[in-house]
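J.: The whole structure should be built from the sequences, with the hints applied where relevant.
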Amino acid sequence: MPRRPRPHALARAVVAAVAVLGLLVGCTPAAPAPHGTGTSEIVHVPEDAPTISAAVDLVAPGGLVVVAPGTYPEQVLVSTPDVTIRGLDRNTTLIDAEGIRPYGIVAVADGVSIENLTVTRATFYGVLVTGMHDASGPGAHGDDGYTRLDTERFPPVQRFSIDHVTATNNGLYGIYAFDAQHGVIRDSYASGSADSGFYVGQCRGCDILVTGNVAENNAVGFENANASDSVVVVGNRFSGNRVGMTFLSNYQEALSPQRGNTVVGNLVTGNTASDSPAQAEGAFGIGIGVGAGTENLFARNLIAGNPSAGVVLSSTEDLAPVGNLFEGNVFADNGVDLANVASDRAPAVGNCLVGDAPRTLPEGLLEGCTPDTRQPSATRDTLPRLEVPPGVSFLRVAPPPAQPQLGDLDAPARRLPDAVAMPDIANVTLPTAELLADRARA
Amino acid sequence: MSAPRRAVARAAIVLAIATALLTGCGATAGDDFPAGEARAVTTDEAQLLAATRFHNFDAGVRTVAFALEEGGGSSGFTGWVDYANGVGYGRLATASDTRLLLWNSDVVGSHPTDAATAPLPIPDADRLADAWTGGALTPSESRLHTMLVMLGSLGADRPDNPLLLQQSGALWLGERRLDGREVTVFAGPPSDEALPAGATADPDAASVRYWVDATGLLVRLDVRLGGGADWTSVEFGDATGVELGDPFTAAEAGS
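Same order as they appear, the protein sequences are chains A and B. Using this note's numbering, you'd call the opening residue of the first sequence number 1 and step up by one each time. Using this note's numbering, you'd call the opening residue of the second sequence number 1001 and step up by one each time.
Treat the hints loosely; a few may be bogus.
[Said to hold, decoys possible] Stretches of chain A that chain B covers, calculated by requiring three or more beta carbons in the stretch to come under 8 Å of a beta carbon on chain B:
id : stretch
1  : 100-109
2  : 393-400
[Said to hold, decoys possible] The following label-pair restraints were derived from C-beta to C-beta distances:
id : chain 1 : residue 1 : chain 2 : residue 2 : range
3  : B       : ALA1136   : A       : PRO384    : 29 to 35 Å
4  : A       : ARG396    : B       : THR1098   : 56 to 62 Å
5  : B       : ALA1093   : A       : ALA433    : 58 to 64 Å
6  : B       : ALA1115   : A       : THR92     : 47 to 53 Å
7  : A       : ARG396    : B       : SER1096   : 38 to 44 Å
8  : B       : GLY1198   : A       : GLU152    : 20 to 26 Å
Source of the hints: derived by calculation from the structure; they are not laboratory data. By construction, the Cβ of each residue, glycine as well, lies at the ideal position given by its N, Cα and C atoms.
T.: Pasting the structure below:
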């Protein structure tokens, strides 16, 4: 009998943002501005309220919900501004979506802090902060649909903090900021995500800091689609996924193209996890995918042991990888260090390297990086060929090691600042392979 | 990244097209689900239905059994679908013969057998080229091919979109008890296109019914094939310990 056609996994094994379907807005009217009706400054779960959702109903704007260790099989929507949701034990305060519910905890109000707890087994996202929500619930990229984000109808939610949160075994994303500005994702952990562990999407002037996080055993560790300007990704461990990080532009979502991120001091190594869901296009063994990302700075990252490629530049429709600067990164033991597979329609231009010259595909890729010089490209099938292990159900990826607790569990609730305090990038150094290793799998 | 969501959409489209091709209009809902009781799915119900294909993938292998009327004769199939590997296998008995079927999304092969049930491991799995006969899987060719394609399409490595299911017209038909389990019965959306605002799908036009338990596991599928009003039912069950593997890829690797 005939055999099936040869799989195209290798041809697809380069990260490229193709045709992400748009956002589902529907025809329901936008919800009124979120506001809380609760009046309690502090609500303890389960003493004062049996569930986190019930506690959220009781808490006043600016209040604190303190959650005792336990398993909470619920879906929590936070629409009261400036509320803090805090677990008393990060590893044993579990919001469990049981493989049925789409999300664990969603913040649609300004100024929400989520900290020191675990969110697991959501079919879509573990933690989501989004400005896009209406009577049919919160929305984000990942909801296939028909209409792109209407940025006037759904202005970005302001000020958020996700700190010491563990997100495991979630169907699309672990920790997700979408249509949001002025926030921090810090000292958190994500594994077993079928799309990406961390995701920042669709914002301009984002003012979002992603730091001190670990993503492993995900299809992709960290993903950015159409999130631009002040997205600062510093000092994270995005190792042991199928793809470490991606920076993507596409037309199917609002605010294309992606541009202007600062990506410094991250560990992006060994992205060859077999105990992980499959990446959407079969990608495997890639450190950083730049799918028509533009004008990003990649500095002092350790990009090593990615057997397909350390960095892959590619294009999406007529969107090209343009003006990315690679400065002072260390490349080692990658299949190739830096590859360009951009199309003739949207060729790579002005991507420059400062520092040790890595092995590129094609050779001579980086010899001309002036704004008007089209850079040579290779075809995807010339990347090193790899045996891609089959994807694992996101519910079956092994659990992570215990994660460290938030420092001050008795801290009062606080109003988050209007602007994020960004680290001094000049002081961020090249990491070693031990960066955040105490939080990672052996 | 987008591909799985596109793949999900594509699978739904393929399914919709296949059923549209083979489904007539004007059929009436079975007496066991009065059309007047059908309603649009709630958010919770849409979430349950959206997870059913993923739960097949998560389970890995499911048992499947169905009886089919085609060309004036009837046949019975008992076997398995391995949703992790995208492979189906089992024994088909018709009035004239019994044979083993092995298929994936592209091809179906046939192997003679006189066994009363499909043997495991799959016989001659390393001799697909000469011990099995077959060809392309073509849903427009027969009810059987449509059924095999449909069975294979019922797995996905992540959930479908519950909002899309709601907007495109999935219906709640009723609650039932099946083999001691409480199940909810849904009509699948007539297509993957959103209905006009405020519209609901016509329950009489439904061509697929999903029987789903409280954990999101599909326990039965009813489908209308070939333009008839009759429903063909597929029973799904647990297949603990069964592994089909992927003989197609193995053959490819060995070539």
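J.: None of the hints should be skipped; say for each whether it holds.
T.: Outcome of the hint check:
1. A count of 3 residues in the stretch 100-109 of chain A with a Cβ less than 8 Å from any Cβ of chain B is obtained; the coverage claim is therefore met, three being the minimum.
2. Closer than 8 Å: that is the beta-carbon criterion, and the stretch 393-400 of chain A has 4 residues meeting it against chain B, so the requirement of 3 holds.
3. A hinted range of 29 to 35 Å holds for the C-beta pair B/ALA1136 and A/PRO384, which are about 33 Å apart.
4. Hint check: A/ARG396 to B/THR1098, Cβ distance near 36 Å, so the stated range 56 to 62 Å is violated.
5. Take B/ALA1093 and A/ALA433: their Cβ atoms lie about 60 Å apart, and the range 58 to 64 Å holds.
6. As the Cβ distance of B/ALA1115 to A/THR92 is approximately 51 Å, the hint placing it in 47 to 53 Å holds.
7. Judged by the Cβ atoms, the range 38 to 44 Å given for A/ARG396 and B/SER1096 holds: they are separated by roughly 43 Å.
8. Between B/GLY1198 and A/GLU152 the C-beta distance comes to about 25 Å, which sits within the given range of 20 to 26 Å.
Checked against the numbered hints given earlier, the structure breaks only hint 4 and satisfies all the rest.
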